[in-house]
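The residues making up each chain are set out below.
Protein chains: 2
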Amino acid sequence: MKTRTITAIIMAIVMIPILIWGDHFQIFNLFCLLLSVGAAFEFRNMLRNEKKLPLWIDILTVAMTGALFSLLVFAGTIPDAWIFMTLGFLFLVILYGIILVFVNDFKGSDFGNVLATLLYCSLGFAAFAILRHQSLNLVLYLLLVAMMTDMFAYFVGMKFGRHKLIPAVSPKKSVEGAIGGLVFGALFASVFGILTNVFGPDFPVLFVIVVSLVASALSQIGDLVASKFKRSYGIKDYSNLFPGHGGILDRFDSSMFVAMALFVLVSLIAWY
Amino acid sequence: MKTRTITAIIMAIVMIPILIWGDHFQIFNLFCLLLSVGAAFEFRNMLRNEKKLPLWIDILTVAMTGALFSLLVFAGTIPDAWIFMTLGFLFLVILYGIILVFVNDFKGSDFGNVLATLLYCSLGFAAFAILRHQSLNLVLYLLLVAMMTDMFAYFVGMKFGRHKLIPAVSPKKSVEGAIGGLVFGALFASVFGILTNVFGPDFPVLFVIVVSLVASALSQIGDLVASKFKRSYGIKDYSNLFPGHGGILDRFDSSMFVAMALFVLVSLIAWY
Chain A
1 MKTRTITAII MAIVMIPILI WGDHFQIFNL FCLLLSVGAA FEFRNMLRNE
51 KKLPLWIDIL TVAMTGALFS LLVFAGTIPD AWIFMTLGFL FLVILYGIIL
101 VFVNDFKGSD FGNVLATLLY CSLGFAAFAI LRHQSLNLVL YLLLVAMMTD
151 MFAYFVGMKF GRHKLIPAVS PKKSVEGAIG GLVFGALFAS VFGILTNVFG
201 PDFPVLFVIV VSLVASALSQ IGDLVASKFK RSYGIKDYSN LFPGHGGILD
251 RFDSSMFVAM ALFVLVSLIA WY
Chain B
1 MKTRTITAII MAIVMIPILI WGDHFQIFNL FCLLLSVGAA FEFRNMLRNE
51 KKLPLWIDIL TVAMTGALFS LLVFAGTIPD AWIFMTLGFL FLVILYGIIL
101 VFVNDFKGSD FGNVLATLLY CSLGFAAFAI LRHQSLNLVL YLLLVAMMTD
151 MFAYFVGMKF GRHKLIPAVS PKKSVEGAIG GLVFGALFAS VFGILTNVFG
201 PDFPVLFVIV VSLVASALSQ IGDLVASKFK RSYGIKDYSN LFPGHGGILD
251 RFDSSMFVAM ALFVLVSLIA WY
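Order-wise, the sequence lines are chains A and B.
Be aware that the first sequence starts at 1, since it is given in our numbering, and climbs by one per residue.
Be aware that the second sequence starts at 1, since it is given in our numbering, and climbs by one per residue.
Read the hints as simulated data drawn from the structure, not as lab findings.
Wrong hints could be hidden among the right ones.
Said to hold, decoys possible - Listed next, the in silico DSS-like pairs over lysine-lysine satisfying Cα-Cα at most 30 Å (straight line):
hint	chain 1	residue 1	chain 2	residue 2
1	B	K159	A	K172
2	B	K51	A	K164
3	B	K164	A	K107
4	B	K236	B	K51
5	A	K164	B	K172
6	B	K51	A	K236
7	B	K172	B	K107
8	A	K52	B	K236
9	B	K2	A	K107
10	A	K236	A	K2
11	A	K52	B	K159
12	A	K2	B	K52
13	A	K51	B	K159
14	B	K107	A	K51
15	A	K51	B	K236
16	A	K164	B	K159
17	B	K52	B	K164
18	A	K51	B	K51
19	A	K51	A	K107
20	A	K52	B	K52
21	B	K172	B	K159
To be verified - Residues on chain B that point at chain A, a partial pick, calculated with CB under 8 Å:
hint	residue
22	A81
23	L95
24	V101
25	K107
26	S109
27	G112
28	S174
29	V175
30	F229
31	Y233
32	I235
33	S239
34	A261
35	V266
36	I269
37	Y272
The C-beta atom is built at its ideal place from N, Cα and C for all residues, glycine as well.
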């Protein structure tokens, strides 16, 4: 617990300035790119636990995750960018199709696992970066949901946890903790969201509360998604980059999942 | 061989009018949508050979392939469509993330296989549809490359085949056949491409020849991609929709792969 706290303090000291001033000089984009590439590295490393492909395929896939992230993040600033995104996905399917043919050990399921790496590790962090570009409050809102949900789920679960939530995926989580996380996560997020008009001035209080409840639920699901992947491939932590917390995908599992959903919501609002 | 010929004649009778007049009333788009959804059905059916997931997940995935196809094809007609494509991919990762958590039998590798179904079965046919919308000659060019390469690879291989090409993926193919397919496929395509100015009037003959050689090679790789998937999951044909030929993915494996590459090329030319 002591290591965990020290790591959290160091992370806060490093991340808070990046979060606040990172909009300049692409600093926040670069930070998210590093997280995305690091996550892809952790994900490929996990897959090696089950089956070792030639190392160059893993390195290529980590690099391609970074490329896809960049395409997603910079696409927003280019007119007609839909074509570039489509081209990026076409290129990746052709590329890994060629590898499928010429690398004997690369089978159908490896093709799928590559696509899982590419999409899972690029989309969440790309959403993060684009949301930051749109407004600091959106990112603070999303981090608040993820962190408060996580924290209260832990404490409420410790104190009142009786019924197992979903033991096949994460044996320690309880229904009571999940409800506690949902209520308090949504509460803190709603208060912040209402005070800052995070979705714009036209939205009623009820809208912010409903979104906060959904966001808190998705935050917990994001946590469980990362756990289910770990279970599927028999690892405990994605890495030990943040001592006491685990790897990038252990630490950002909830926030990247909420970031994806929040980005969908905010884009639909802007479009509407 | 007789069944094969009869099927080919029936396919030609059905497809030629759709190809020529299909630009009206979205007929060609709908035809490609049917192929895309049918391909997804075949692909999921193949995966069931290795592991049976709950049927509703397969049905959902076939439907989502159709949705992704539609998004890709109609995105080209909407301003700011990049955002819709991004949203589509985000939505799919969130959706299957939720299934990953709540369906015990749905593991990490199933998540990957779903993404493989979605991308492999939507992108190729979407490229086909968009190319047709851009020009009939482009689609004729691509069908010519795929069919001539296939036909000459078969006949040259039958007559002169000595050295196995890639026995682990497709035991019957020979190096001699592949070279024969490459030479004659590129020859017919080049002649057609030069006569019709298929890439526009500004491109030298050498450009069309090089593109045709690459397209013929990719056509053969596309064939091998579909074969490798079949080998990976231990099936012989994707279905028996076209008697003597197999299923959609047996019949359109080459052309959908060439369509993806050709779409990348044509888009880059238009952008440049």
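Quick check: which numbered hints come out false for this structure?
Going through the list in order, the structure violates hints 1, 5, 7, 9, 11, 12, 13, 16, 17, 23, 28, 29, 32, 33, 35, 36, 37 and respects the others.
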